Amino acid sequence: MKKMLLSATLFILGFSIFLYPTVSNYMNQRVYETEIINYEKRVENLKDEDLRNKFKVMQSYNESLKGLSFSMQDPFNSNDKKNEAFVNFIKKDDVLGTVIIPKINEELPIYLGATQEHLSMGVGQIGGTSFPIGGQDTHTVLAGHRGYHGAKMFRHLDQLQKGDKFYIRILGEELTYEVTGHKVMLPSQVEKLAITKGKDKATLLTCEPYTSSKYRLLVYGERVNNNEVKENSTETMIKIKENQKQDFVKTVCFIVIGILVIFIALFGLLRSK
Numbered sequence: 027m028k029k030m031l032l033s034a035t036l037f038i039l040g041f042s043i044f045l046y047p048t049v050s051n052y053m054n055q056r057v058y059e060t061e062i063i064n065y066e067k068r069v070e071n072l073k074d075e076d077l078r079n080k081f082k083v084m085q086s087y088n089e090s091l092k093g094l095s096f097s098m099q100d101p102f103n104s105n106d107k108k109n110e111a112f113v114n115f116i117k118k119d120d121v122l123g124t125v126i127i128p129k130i131n132e133e134l135p136i137y138l139g140a141t142q143e144h145l146s147m148g149v150g151q152i153g154g155t156s157f158p159i160g161g162q163d164t165h166t167v168l169a170g171h172r173g174y175h176g177a178k179m180f181r182h183l184d185q186l187q188k189g190d191k192f193y194i195r196i197l198g199e200e201l202t203y204e205v206t207g208h209k210v211m212l213p214s215q216v217e218k219l220a221i222t223k224g225k226d227k228a229t230l231l232t233c234e235p236y237t238s239s240k241y242r243l244l245v246y247g248e249r250v251n252n253n254e255v256k257e258n259s260t261e262t263m264i265k266i267k268e269n270q271k272q273d274f275v276k277t278v279c280f281i282v283i284g285i286l287v288i289f290i291a292l293f294g295l296l297r298s299k
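In our numbering, the protein residues as written are 27 to 299.
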């Protein structure tokens, strides 16, 4: 009887350990989804004049960056608060927009400033880089963890290839960016994130390699016309949610079946003794 109880305890413990990352990631995705839905509702309820005013403030800030010597703080080695002084119409922890990355099945909220707190909740726009509203001579940089307490976040960012698309939604507008390349750099090599004259760029930034913060992985994107894209982000988001649910169910089933097989084998071994 004691052996049976021990086996059952080990089974439950093993099941919990193996299941934790999958359940944690799925629960985090639902939290992100709730934050994004609430953000989109707030945007829908804004008057056109308020939307225009917000856009103008962001546009003015982006204009102020042109011609300046570029400097930014690495979000993983410091607490980025650079933009906070420039914008007073966004509450500290309000969602600024969303980024959708179909290739890795991620839809994440964007926060103003890549602080440690914001990076634990989603993606942070790094201070000193352009607001993600598009336009010539702009370069927004969005930083995300390579996984955080079970949440995948930018875990698989290295899977993006040249030609893949990602989307940014902000103030009711949708911007489409096409991946143009990758680069691995040292945290000090901030010149790799400077504005390129005449370009509308967005870069996704995370740690490299996975589980280390020695280097930074950059995935560069350039703006493309939404009319050139066969599939919009709304259709993509539906697919992402379906894929997330399917991945969750498949992983849980695989773990349950695997542990059951081990449990049955151990049970049979104990009985034979």
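Note that these hints are calculated values from the structure, not bench results. Do not take every clue at face value.
Unchecked claim - Calculated lysine-lysine pairs in the DSBU-like style (CA-CA distance at most 35 angstroms, straight line): (1) Lys-223 - Lys-73; (2) Lys-73 - Lys-209; (3) Lys-209 - Lys-80; (4) Lys-129 - Lys-92; (5) Lys-129 - Lys-67; (6) Lys-240 - Lys-67; (7) Lys-73 - Lys-218.
Stated by the list, open to error - Across the chosen pairs, the derived CB separations fall in these ranges: (8) Gly-93 - Thr-206: 21 to 31 angstroms; (9) Lys-92 - Ser-239: 46 to 56 angstroms; (10) Asn-251 - Thr-35: 26 to 36 angstroms; (11) Glu-75 - Leu-212: 23 to 33 angstroms; (12) Leu-39 - Gly-198: 19 to 29 angstroms.
Keep in mind that this is a model prediction, so the values were computed, not measured. Glycine residues also receive a C-beta, built at the ideal position from the N, C-alpha and C atoms.
Hint says 26 to 36 angstroms; check whether the CB-CB distance for Asn-251 and Thr-35 agrees.
-> violated, 59 angstroms
That 46 to 56 angstroms hint for Lys-92 and Ser-239 (C-beta), does it hold up?
-> violated, 31 angstroms
Going straight from one Cα to the other, do Lys-73 and Lys-218 come out at no more than 35 angstroms?
-> violated, 38 angstroms
Going straight from one Cα to the other, do Lys-209 and Lys-80 come out at no more than 35 angstroms?
-> holds, 33 angstroms
Does the structure keep Lys-129 and Lys-92 at a Cα separation of 35 angstroms or less?
-> Given pair Lys-129, Lys-92 holds - Cα atoms ~32 angstroms apart, limit 35 angstroms.
Distance restraint between Lys-129 and Lys-67, which requires alpha-carbon spacing of 35 angstroms or less | holds, 26 angstroms
Hint says 21 to 31 angstroms; check whether the CB-CB distance for Gly-93 and Thr-206 agrees.
-> holds, 24 angstroms
Straight-line alpha-carbon gap Lys-240 to Lys-67, limit 35 angstroms | With Cα atoms ~39 angstroms apart, Lys-240 and Lys-67 exceed 35 angstroms; violated.
Distance restraint between Lys-223 and Lys-73, which requires alpha-carbon spacing of 35 angstroms or less | holds, 33 angstroms
Take a quick look at whether Lys-73 and Lys-209 sit within 35 angstroms of each other, Cα to Cα.
-> Violated, because 41 angstroms separates the two Cα atoms, which is more than 35 angstroms.
At the C-beta level, are Glu-75 and Leu-212 separated by a distance inside 23 to 33 angstroms?
-> Given range 23 to 33 angstroms: violated, Cβ gap about 45 angstroms.
Range agreement (Cβ of Gly-198 with Cβ of Leu-39, hint 19 to 29 angstroms) | Given about 48 angstroms between the Cβ atoms, the range is violated.
The structure shown violates the earlier hints numbered 2, 6, 7, 9, 10, 11, 12.
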